[in-house]
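Chain order of the listed sequences is A and B. For the first sequence, my numbering begins at 259 and goes up steadily by one. For the second sequence, my numbering begins at 51 and goes up steadily by one.
Incorrect hints may have been included.
[What the hints assert, rightly or not] Covered stretches of chain A (chain B as the covering partner; in silico rule of three or more C-beta atoms under 8 Å from a C-beta of chain B):
#, segment
1, 321-331
2, 354-363
3, 431-437
4, 495-503
5, 541-547
[Stated by the list, open to error] With beta-carbon atoms standing in for the labels, derived distance ranges:
#, chain 1, residue 1, chain 2, residue 2, range
6, A, G605, B, L193, 29 to 35 Å
7, B, R237, A, G303, 53 to 59 Å
8, B, I165, A, Q295, 37 to 43 Å
9, B, G117, A, K375, 41 to 47 Å
Hints listed in this document are in silico derivations from the structure and should not be mistaken for laboratory results. Just so it is clear, the structure is predicted and the values come from calculations on it, not from any experiment. Note that the Cβ used here is the ideal one computed from N, Cα and C, for glycine as well.
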Amino acid sequence: MKNKTAGSLTRREALAMMGAVSLVPWLDATPAQAASQLVFASGGGKLEETYKKTVFSAFKEKTSNDIVTTANEGAKLKAMVEQGQVEWDMMQGPAEQLIVFGRQGLFEPIDYTNIDKANLLPGAANEFFALTDVAAYNIGWNTANLKGPAPQNWAEVWAYDGRIGLWKKPFQTLEVALLADGVAIADLYPLDIERAFKSLDKIKSKIVWWERGAQGAQVFLDGEVDVGAIWNGRVHQPKLDGAPVDFNFNQAIFVNDAWAVPKGAPHKKEAMELLALALSPEQQAAFARELPYGPVNRAALALLDDKVKATLPSSDENFKKGRLLDLEFWADNSQAALEKFNSWLIG
Amino acid sequence: MLKGANTGTPATMRKVSWSVARLYRWMLLAPALFLAAFFVFPIIRVVLRSFSDPAWGLQNYERIMAGGPYLQVLLATIQTAATVTALCLLLAYPVAYVMSRLSGSLLQIAAACVIIPLWTSAVIRSYAWMVVFQRKGILNEALIGAGVLDDAIRFLPGSFAVHVGMVHIMLPFMILPLLANMRAIDRSLLRAAEIMGANPLVAFAKVYFPLSMPGVSAGVALVFMMSLGFFITPALLGGPQHLMAAVLIEQQANVILDWGLASSLATVLLVVTGAMYVVYMRLTGNATGNLKGAL
């Protein structure tokens, strides 16, 4: 760090200095505790940036533990747990994936003693993971391409004479296909998969599939598609920046990021502390101010002003427009639905 | 560098050559051990896993055969790889031919043009093609501007876009083996053919083209095998019919975590590739002889 003077120090002096520096956090932290480094596996991008800016920095302040991030590949998780050499302390991922991993025995049970479960969304406190935010798979459109009024429900999206953008996965997409076909949102689950494919058949030639979130946002911004489905967080900022894109939360499917602690994580206790902090009203609110993925802790909403709340899928106003994805359904049916979806794609 | 490979061995070198050759053989030991540890062993584990996860038996293969998307996707993968290989060969052959006759800075410039695209990742190049092909992209705007089109063509996602994208990425892997082979072809043989009365076309067909076959073999094998494993380009540029085997394997390995099925899909792909390679080599002649000439 002090490159210029380091050369003139004796080894002993340098060691003494390093020792003194490493003592500083000790003096600061009230419960004497050695700082450790947690490994957090995430999907990267804006989400990870926001974690760093809010929860991670607050965690560092509180416990003096550092957090480094790495890519959250499911295959790596499974290999590490199988071989008993787990490097990750926490994994973030889409809840519909983590529930599958949890059933395979890849996670530690979550310790909820320091978490106020009463305020969390129903279903947020799962045995092997906790939901941490609420995003929306919602109706979007390119304002420059759109002819006529903006679609107000999925049936209008399906009826649109133009190009329709959808995520190339069965999860979430089969839900909106059923809604477009007239299934009432309250009766959505269990999904009638055959009917969903019949609904997709009707617009097969109009669909432009997008594979990844960044690509999905791009096809809307560039006008490659006219209307379709997109995650709100991907088009929120571009819309504010003046891009020709807009969206609403009508009949949105609400989806969640979740955090889980891999089985045999080296810093299990610290990871549980980190999760408790992330679910606290203050951190949930701070996160939602940065990124329009709403809190799962209802107490956080009281800390947010109306302007922010209007952008969040889990605000009282927006949440009643759509429906939360049924994790249990997908945990039971992922494999079969994916197989059918792939057959349908290629058929 | 390529030129030097062509010059004969001086008599003085011959004496030491056998010991150098033996040394070379020993030098293969380290890479062989490396491959055994990091390639052969994991592949054996994958194959074993396909028969043992979740229980010993053929259940994973039964699932692949039981219908569903798997066989169709495998077929589509082979089809796409074959088309890309054929297009690459068609485009690369004349390029390599012209390059083989260049020398000095012209050759260096041409070689740079072939090699520099390899420095950019396939992901970035696929996104770049998206920009070209999209509805309001450069290509559509240019065609509309020139009055060729009234309304934008839908290139994305589609066969045309995915083939252009994949051929663009694979082209250097076809040109380079062809070039190495063509530079080693003795052109006086062509002159001899013409002296014997062959017109240039016949001389090419009967002399040059057969001599370039080792390069063709190497290039075709390289491009075909690499195309089979393509992932990101078909995902971004291709339509639903370009669902590649690699995408299915990734879904099973990384999202569903059904490693038994993932392993069996990978094993089927490996066996099919191996079988096609053997058949191909039988058809085009002795494999080792050809590769020696090409490399």
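Okay, the hints, checked on the actual structure:
Check on the segment 321-331 of chain A: 1 of its residues sit with their Cβ under 8 Å from a Cβ of chain B, so the three-residue criterion for coverage is violated. Under a criterion of three residues with beta carbons nearer than 8 Å to beta carbons of chain B, the stated coverage of the segment 354-363 of chain A is upheld, 4 such residues being counted. Counting residues of the segment 431-437 of chain A whose beta-carbon sits less than 8 Å from any beta-carbon of chain B gives 0, not enough to reach three: the coverage restraint is violated. With 0 residues bearing a CB less than 8 Å from a CB of chain B, the segment 495-503 of chain A misses the requirement of three and the coverage assertion fails.
Closer than 8 Å: that is the beta-carbon criterion, and the segment 541-547 of chain A has 0 residues meeting it against chain B, so the requirement of 3 is violated. In this structure, G605/A and L193/B meet the distance hint of 29 to 35 Å, their C-beta atoms being roughly 32 Å apart. Hint check: R237/B to G303/A, Cβ distance near 56 Å, so the stated range 53 to 59 Å holds. Range check, I165/B to Q295/A: about 41 Å between beta-carbon atoms, so the 37 to 43 Å window is met.
For the hinted restraint 41 to 47 Å between G117/B and K375/A, the CB-CB distance of approximately 45 Å keeps it satisfied.
In terms of the numbered hints stated before, the structure departs from hints 1, 3, 4 and 5, listed from lowest to highest.
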